[in-house]
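S.K.: Okay, here's what each chain looks like letter by letter:
Protein chains: 2
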Amino acid sequence: MPELRQNFMTKEWVVIATERAKRPDQMAVKREAKPVVSFSEKCPFCQGHESQTPPEILGLPDGEGWKARVVPNKFAALSPDCPPERTIRRSRRSMGGFGEHDVIVETPDHSLAMAMMPDSQVADILRIYKIRHDQLSLDPRVAQVTIFKNYGTDDGTSLEHPHSQLIATPVISYQVRQRFQEAMQQFDDFGCCMFCQIIEEELEGQKRIVLTSEHFVAVELFASPAPFCTHVYPRRHMASFSDVSAKETADLGRVLRTMLAKLYIGLQNPDFNFTIRTAPAECVGVRYFHWYMSVIPRLTRTAGFELGSGMFINTVIPDEAAEFLRNVKVEAAVGVS
Amino acid sequence: MPELRQNFMTKEWVVIATERAKRPDQMAVKREAKPVVSFSEKCPFCQGHESQTPPEILGLPDGEGWKARVVPNKFAALSPDCPPERTIRRSRRSMGGFGEHDVIVETPDHSLAMAMMPDSQVADILRIYKIRHDQLSLDPRVAQVTIFKNYGTDDGTSLEHPHSQLIATPVISYQVRQRFQEAMQQFDDFGCCMFCQIIEEELEGQKRIVLTSEHFVAVELFASPAPFCTHVYPRRHMASFSDVSAKETADLGRVLRTMLAKLYIGLQNPDFNFTIRTAPAECVGVRYFHWYMSVIPRLTRTAGFELGSGMFINTVIPDEAAEFLRNVKVEAAVGVS
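Here the protein sequences come in this chain order: W and H. Note that the working numbering has the first sequence beginning at 564, numbered continuously upward. Note that the working numbering has the second sequence beginning at 564, numbered continuously upward.
Okay, chain W solo, but in the shape it has when bound (with noise of 0.2 Å):
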């Protein structure tokens, strides 16, 4: 029978449709393989063009040449000139455009999914999402950082060569502050972060444990909105993404290329989303919030129902994708069980 499920972080329903349940192996793409080459003479992004892309923001060195680097958005959403300066017009509100949109390339090899990555080189990757995060919120005039990956052909990318994105708002969305507030009632009421209390029913649980490391636990939510929704959160309880160590992210550098790793083989490369949910500058240190990352893989649409309700349907028992992606074996990493 179908089942209704909700979300203890943010109270949205989900529908867990049993009627209409795939196995969790069902889900996985079925594309050609695109010829993959390590340098393409198009690619912006590819070494030896650092000319087509505007000045380098950071970059990691590597001998003659680079690991990584951090460069302004060529098409930026927002600009860093647009003073954040509000207009009130009656029901019309609106602000200067100010922003900040890095686009951060994750290795000099065009054809490197970070799934194959060595997991010292997503450590590295997580380090300047940390330092760029950290630059930007000491800036009066941002008020959120939101850090994210889109990776695929069909899910918002419109370059192919690895990167992620970073874009720093001088407003805090509404999600974010809806989510706070639903951290903060919780603990109101029951005076503990409500992560750490999920992270610990899970792990007593372990069915929904994909895997586990030292610092981290990667766990397919139980009200997931969409199959293999998984979240990523540090056992420590730490408000903001600022706050992790440098053993932590190196840790979280193996956890997260262990996990897209079972993603790309169990369900043979399918497009993802990744973000990385963590406290905003104004809230550093309190004690109801828990940053975390949470990986998408995007195998299905929204449509009218999710647009008219805000409820997803979701095809997919998270139990299930948990048992699943345990299953997947990914070459050895050590430290990670």
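Since the hints were derived computationally from the structure, they do not count as laboratory data. It should be emphasised that the depicted structure is a prediction, and the values quoted were computed from it without experimental measurement. Check the hints yourself; a few may be wrong.
Mimicking DSSO-like on lysine-lysine, the simulated pairs with C-alpha atoms at most 27 Å apart in a straight line are [said to hold, decoys possible]:
{"no.": "1", "chain 1": "W", "residue 1": "630", "chain 2": "W", "residue 2": "693"}
{"no.": "2", "chain 1": "H", "residue 1": "892", "chain 2": "H", "residue 2": "585"}
{"no.": "3", "chain 1": "W", "residue 1": "770", "chain 2": "W", "residue 2": "585"}
{"no.": "4", "chain 1": "W", "residue 1": "605", "chain 2": "W", "residue 2": "630"}
{"no.": "5", "chain 1": "W", "residue 1": "593", "chain 2": "H", "residue 2": "593"}
{"no.": "6", "chain 1": "H", "residue 1": "810", "chain 2": "H", "residue 2": "630"}
{"no.": "7", "chain 1": "W", "residue 1": "637", "chain 2": "H", "residue 2": "593"}
{"no.": "8", "chain 1": "W", "residue 1": "693", "chain 2": "W", "residue 2": "810"}
{"no.": "9", "chain 1": "H", "residue 1": "637", "chain 2": "W", "residue 2": "593"}
{"no.": "10", "chain 1": "H", "residue 1": "630", "chain 2": "H", "residue 2": "693"}
{"no.": "11", "chain 1": "W", "residue 1": "810", "chain 2": "W", "residue 2": "892"}
{"no.": "12", "chain 1": "H", "residue 1": "605", "chain 2": "W", "residue 2": "593"}
{"no.": "13", "chain 1": "H", "residue 1": "585", "chain 2": "H", "residue 2": "770"}
{"no.": "14", "chain 1": "H", "residue 1": "605", "chain 2": "H", "residue 2": "637"}
{"no.": "15", "chain 1": "H", "residue 1": "770", "chain 2": "H", "residue 2": "574"}
{"no.": "16", "chain 1": "H", "residue 1": "892", "chain 2": "H", "residue 2": "770"}
{"no.": "17", "chain 1": "H", "residue 1": "892", "chain 2": "H", "residue 2": "810"}
{"no.": "18", "chain 1": "H", "residue 1": "585", "chain 2": "W", "residue 2": "637"}
{"no.": "19", "chain 1": "H", "residue 1": "593", "chain 2": "W", "residue 2": "605"}
{"no.": "20", "chain 1": "W", "residue 1": "574", "chain 2": "W", "residue 2": "810"}
{"no.": "21", "chain 1": "H", "residue 1": "585", "chain 2": "W", "residue 2": "605"}
{"no.": "22", "chain 1": "H", "residue 1": "637", "chain 2": "W", "residue 2": "585"}
{"no.": "23", "chain 1": "H", "residue 1": "637", "chain 2": "H", "residue 2": "693"}
{"no.": "24", "chain 1": "W", "residue 1": "574", "chain 2": "W", "residue 2": "585"}
{"no.": "25", "chain 1": "W", "residue 1": "892", "chain 2": "W", "residue 2": "770"}
{"no.": "26", "chain 1": "W", "residue 1": "574", "chain 2": "H", "residue 2": "574"}
{"no.": "27", "chain 1": "W", "residue 1": "605", "chain 2": "W", "residue 2": "637"}
{"no.": "28", "chain 1": "W", "residue 1": "585", "chain 2": "H", "residue 2": "605"}
{"no.": "29", "chain 1": "W", "residue 1": "693", "chain 2": "W", "residue 2": "637"}
{"no.": "30", "chain 1": "H", "residue 1": "585", "chain 2": "H", "residue 2": "574"}
Use these hints to put chain H onto chain W, whose structure you have.
M.R.: Using the frame of chain W, we list chain H on its own:
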């Protein structure tokens, strides 16, 4: 320069990305025309194939045949046989998947897009929506009725025969609850329905108006999350779709058909979704909410930034979208200007 705009109804911010901005006509879909047949041997919704659907809930007769019919969805997301009982196990909240999932077959003609229908046929479909909405709202187990249409191959639609859907759920979704709370807050602060206020302001400014009729106003959202996101508001204050009169329904048939024809012609038959946003049964008659239709062509895809922040990036300026749609000529429909 880019601009941030805040949706007055939801408090959500969107980025109007002028650096990436496109002229409205650049959003037109370039795709190959599919062969159109008015009868398909394989389609369970075509006339003569009535036995291939579950038993009819409601039919609109037309001589020996039918104009439109409502049947249960064969692959329903929720089930009327599932008791809506809650289970709370620490952070895990779930509920039996009770619900109704109707398919509204809009015409016996396999190829007749709603944009091409006679106005009266669209009005008939709206009447059917209202009958089923009202019937299901009487069921004490039903908390919310979501009416929606998915149009297009790439858009969550598995069957091409013209149809729409209705899902009744035993919970009020978080999104609807939040929108209600915002509307209530506005009413408490300013003493008026914020939708009535927006309608008045948009009619004064005229810039974002697409079309108006005796009873309805179609307008591009000031803070539109996506290109051509259009709201169709009744001029008269009504919290619920249940309150719409027969005369208003006939008028809405003309307005909706004209609106869809403008999208069809102007953007070359794009995929779209529409939904009716209405007060849940428990809130009928409230002074702070105002039902409306939301029509969104699917011209862009969301990705990691939207996932991570809940904010959208829109590359078409809503004022220009409105002007573009105003200028798309549709065969005159009486009473629509």
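S.K.: Take the hints in turn and mark each one as holding or not.
M.R.: Quick rundown of the hints versus the structure:
1. W:630 <-> W:693: holds, 16 Å
2. H:892 <-> H:585: holds, 21 Å
3. W:770 <-> W:585: Holds, because 18 Å separates the two Cα atoms, which is no more than 27 Å.
4. W:605 <-> W:630: Within the cut-off at roughly 20 Å; holds.
5. W:593 <-> H:593: Status holds; Cα separation ~25 Å.
6. H:810 <-> H:630: holds, 20 Å
7. W:637 <-> H:593: holds, 26 Å
8. W:693 <-> W:810: holds, 13 Å
9. H:637 <-> W:593: holds, 26 Å
10. H:630 <-> H:693: holds, 16 Å
11. W:810 <-> W:892: Satisfied, since the Cα-Cα distance of roughly 25 Å is no more than 27 Å.
12. H:605 <-> W:593: Status holds; Cα separation ~25 Å.
13. H:585 <-> H:770: holds, 18 Å
14. H:605 <-> H:637: The given pair, whose Cα atoms are some 15 Å apart, holds under the 27 Å limit.
15. H:770 <-> H:574: Distance ~21 Å between residue 770 of chain H and residue 574 of chain H Cα, so the pair holds.
16. H:892 <-> H:770: Measuring from Cα to Cα gives roughly 18 Å; hence the hint holds.
17. H:892 <-> H:810: holds, 25 Å
18. H:585 <-> W:637: Distance ~16 Å between residue 585 of chain H and residue 637 of chain W Cα, so the pair holds.
19. H:593 <-> W:605: Holds, because 25 Å separates the two Cα atoms, which is no more than 27 Å.
20. W:574 <-> W:810: Cα-Cα ~33 Å, so violated.
21. H:585 <-> W:605: holds, 24 Å
22. H:637 <-> W:585: Given that 27 Å is the threshold and the Cα spacing comes to 16 Å, the pair holds.
23. H:637 <-> H:693: At roughly 22 Å apart (the allowed maximum being 27 Å), residue 693 of chain H and residue 637 of chain H satisfy the hint.
24. W:574 <-> W:585: Between residue 574 of chain W and residue 585 of chain W the Cα gap is close to 25 Å, so the pair holds against 27 Å.
25. W:892 <-> W:770: The given pair, whose Cα atoms are some 18 Å apart, holds under the 27 Å limit.
26. W:574 <-> H:574: Holds - the C-alpha atoms of residue 574 of chain H and residue 574 of chain W are around 18 Å apart, at most 27 Å.
27. W:605 <-> W:637: Holds - the C-alpha atoms of residue 637 of chain W and residue 605 of chain W are around 16 Å apart, at most 27 Å.
28. W:585 <-> H:605: holds, 24 Å
29. W:693 <-> W:637: holds, 22 Å
30. H:585 <-> H:574: Status holds; Cα separation ~25 Å.
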